[in-house]
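Novice: Model the full structure from these sequences, guided by the hints.
Chains as they are written, first to last, in the working numbering: chain A, 13 to 255; chain B, 123 to 592.
No lab work stands behind these hints, which were simulated from the structure alone.
Even for Gly, the Cβ is constructed at its ideal location relative to N, Cα and C.
Treat the hints with care, as some may be off.
Computed footprint of chain B on chain A, listed as stretches where at least three residues anywhere in the stretch have a Cβ under 8 Å from a Cβ of chain B [unchecked claim]:
{"hint": "1", "stretch": "82 to 93"}
{"hint": "2", "stretch": "162 to 170"}
{"hint": "3", "stretch": "200 to 210"}
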Amino acid sequence: MTTRAAFLEDIRREMAKTRGLFEASTSPRPAAPQEAAEAVRRQMLERWPQALERFREEFERVAGVFHRVPSLEAVPALIGEIARARQARRILSWSPEALGVDLGARLGGEGFVVTSAQDADPREGERGRHREEAAAAEIGVTGADWALGETGTLILVSGRGRPRSTSLLPATHVAVFGAPQLLESLEQVGIMLEALHADPSGTMSGAVINFITGPSRTADIELTLTRGVHGPKDVHAVFVEGR
Amino acid sequence: MSETSLGAPFAARARGALKDAYLQEALGIATTKFIGLRRESFEDFPQGDALRDRARAIKEATLQQLDRHLERLADNIERLGGRVHWAATGDEARDIILRLCRDKGVRMAVKSKSMATEEIELNEALEHAGVKPVETDLGEYIIQLAHEKPSHIIAPAIHKTKGQVADLFSKELGGRFEADPEVLTKVARAELRQKFLEADMGITGANFAVAETGTVVLVTNEGNGRMVTSLPRIHVAVMGMEKVIPSMTDLMVFLAILARSATGQKLSSYTTLVRGPRQPGEMEGPEEFHLILMDNGRTRQIAGTLREALYCLRCGACLNVCPVYRQIGGHAYGHTYPGPIGILLTAMLKGAPSVKELAHASSLCGACKDVCPVRIDIPRMLVELREHLDTEKIAPWTERLLFGMARRMMMRPSWFRGGASVARLAQKPFARDGRLRALPLFFGKWTATRDLPAVAEKTFSEWWQELRRP
Chain A
13 MTTRAAFLED
23 IRREMAKTRG
33 LFEASTSPRP
43 AAPQEAAEAV
53 RRQMLERWPQ
63 ALERFREEFE
73 RVAGVFHRVP
83 SLEAVPALIG
93 EIARARQARR
103 ILSWSPEALG
113 VDLGARLGGE
123 GFVVTSAQDA
133 DPREGERGRH
143 REEAAAAEIG
153 VTGADWALGE
163 TGTLILVSGR
173 GRPRSTSLLP
183 ATHVAVFGAP
193 QLLESLEQVG
203 IMLEALHADP
213 SGTMSGAVIN
223 FITGPSRTAD
233 IELTLTRGVH
243 GPKDVHAVFV
253 EGR
Chain B
123 MSETSLGAPF
133 AARARGALKD
143 AYLQEALGIA
153 TTKFIGLRRE
163 SFEDFPQGDA
173 LRDRARAIKE
183 ATLQQLDRHL
193 ERLADNIERL
203 GGRVHWAATG
213 DEARDIILRL
223 CRDKGVRMAV
233 KSKSMATEEI
243 ELNEALEHAG
253 VKPVETDLGE
263 YIIQLAHEKP
273 SHIIAPAIHK
283 TKGQVADLFS
293 KELGGRFEAD
303 PEVLTKVARA
313 ELRQKFLEAD
323 MGITGANFAV
333 AETGTVVLVT
343 NEGNGRMVTS
353 LPRIHVAVMG
363 MEKVIPSMTD
373 LMVFLAILAR
383 SATGQKLSSY
393 TTLVRGPRQP
403 GEMEGPEEFH
413 LILMDNGRTR
423 QIAGTLREAL
433 YCLRCGACLN
443 VCPVYRQIGG
453 HAYGHTYPGP
463 IGILLTAMLK
473 GAPSVKELAH
483 ASSLCGACKD
493 VCPVRIDIPR
503 MLVELREHLD
513 TEKIAPWTER
523 LLFGMARRMM
533 MRPSWFRGGA
543 SVARLAQKPF
553 ARDGRLRALP
563 LFFGKWTATR
573 DLPAVAEKTF
583 SEWWQELRRP
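Specialist: As structure tokens, then:
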């Protein structure tokens, strides 16, 4: 078996032989990522309405369904509506803390089966049960760490109380976010991700970050666009005002 | 046309493809559609050109310090609880995966689309070892059920009709399915959902790996990449070591141009960033994460003529615009990687002799270089490859003899003039209206498919001399 040392030694030997390479540099990274991220947040305090308009346009272009509600209070009712329209009963959600609202408390009484993730470390046997519930759920409700205007993309960081499959296994995904999550460009996303990784103790407890741009899709049979091949067929973005 | 040893296997495959009426139609529709989508997506993206220059510079800069970036990547992944394996060859990469399967009692592995695992023919090896590999990208799934090979880097099953897919599903899965992409997709969803939940191992490639953060990046549209990295208890990612990039800032540059180049989307439906196994407190995700860094012929091109091919993002844009690919499709190339870049990658992985025919399957029109998101100079490398095949005496002796004679003639004005006179005489029986439409012997290979202009009555220098005479 090749060792790390031997593998790298081969590479170094060949690198030493190269001649006349053109001068090239990687992208300049923010020297102080946290401050750079703070600067982006300050910019967006003023610019979020334009970013939201662009997000809506791009999100709808990729077949997303956009909603705008006046407050977090209005979110459970909207989710109930979305579920009823699909004749869905089983709702899976991020933890009330991660989502900002307790769906179970509001929708449980209306004939829905709501399962919310917990912020505590999973106990023995809990993983298997969660998996069965996730596989059976029809609606998955998550937050979004960022919503990117340029491409209509929802960006979700996994972690405690934020399982990665909530936005994947159910046929309908609903993501809830507010003005502080709005970004304009991929470049800004880069700055946020640099900051996130420079200080992973912040929100980053999990192993996965997903960029979600519309529903799951394929064109593998005769280039016919078909939605919902493995992931959700419908994706909803709910913008909550005044957050 | 007679079959000769001069390029027969490739020529025969290409002829077969040219005679396949459905393939011809499907290729025409698919490649034209991809070209249009790509063009539109760059038209309203003024910063696209600058980003492509940036992306190219990042790839080059990374190669110039490849050892350091790989060390950084490996350290970070290990810090997160993942394991990094170093595979000098494809055989070694396969053995690492087979050993993992054996040690961990793996019976079924779900796979998301990965050219790296195609490159090492992993599925055959897994089957042989009693592990069931299940391709989960819809196109790859169709190909696997049909026991075929992918024909396009990003649309593996473009050569199949919906009718063929319906028949295939009906036969393999039991049932009668309508020839409707919507219905067939639903069938595959149900079938594969079960496999995702049952599988012990998920195998992926990697579009990028970010050294500074230890992140493997997967770009997909169907969501199967997410399934494969979320549900099975072990995740194995296999990648060519040149896929490493330094930072998240760099990643954004590539994301901005990759999907646009491949499918004309601004971003694919899913871009998944994975760092190591499930982290403390997480409800889901694999217990184990393994990254296999594979060389398999890449390192010797760091200082070789194919260096630039190490920039390749595998977007497939160069296939769609290539006049040769558009005619013959992916299978005729006969290797894992088709199209113009595929010729170079095949030479890289399997050595120059493996492409002694394919090196000529290009008109050198340069369309590939124009659309490449990292501006790889494919035509230049193809010419260098042809030169190498000649100087190393890999090209057939007939070809070398003919071109050697031509070269000698071109270098001596008197020989050239003499040659022109001989040709003028020799062509007499065959020339009609200034064209040669049918020639005897091996010259007939040219005229079987196109005319040759006849040698003119006077050479340019003769004409020039006359003109200058007072």
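Novice: Hints first: check each against the structure and report whether it holds.
Specialist: Against the structure, the hints:
1. 82 to 93: Since three or more residues must qualify, the claim that chain B covers the stretch 82 to 93 of chain A is violated, with 0 doing so at under 8 Å.
2. 162 to 170: Since three or more residues must qualify, the claim that chain B covers the stretch 162 to 170 of chain A holds, with 5 doing so at under 8 Å.
3. 200 to 210: Since 6 is at least three, the answer is holds.
The structure fails to meet hint 1 from the earlier list, while all remaining hints are met.
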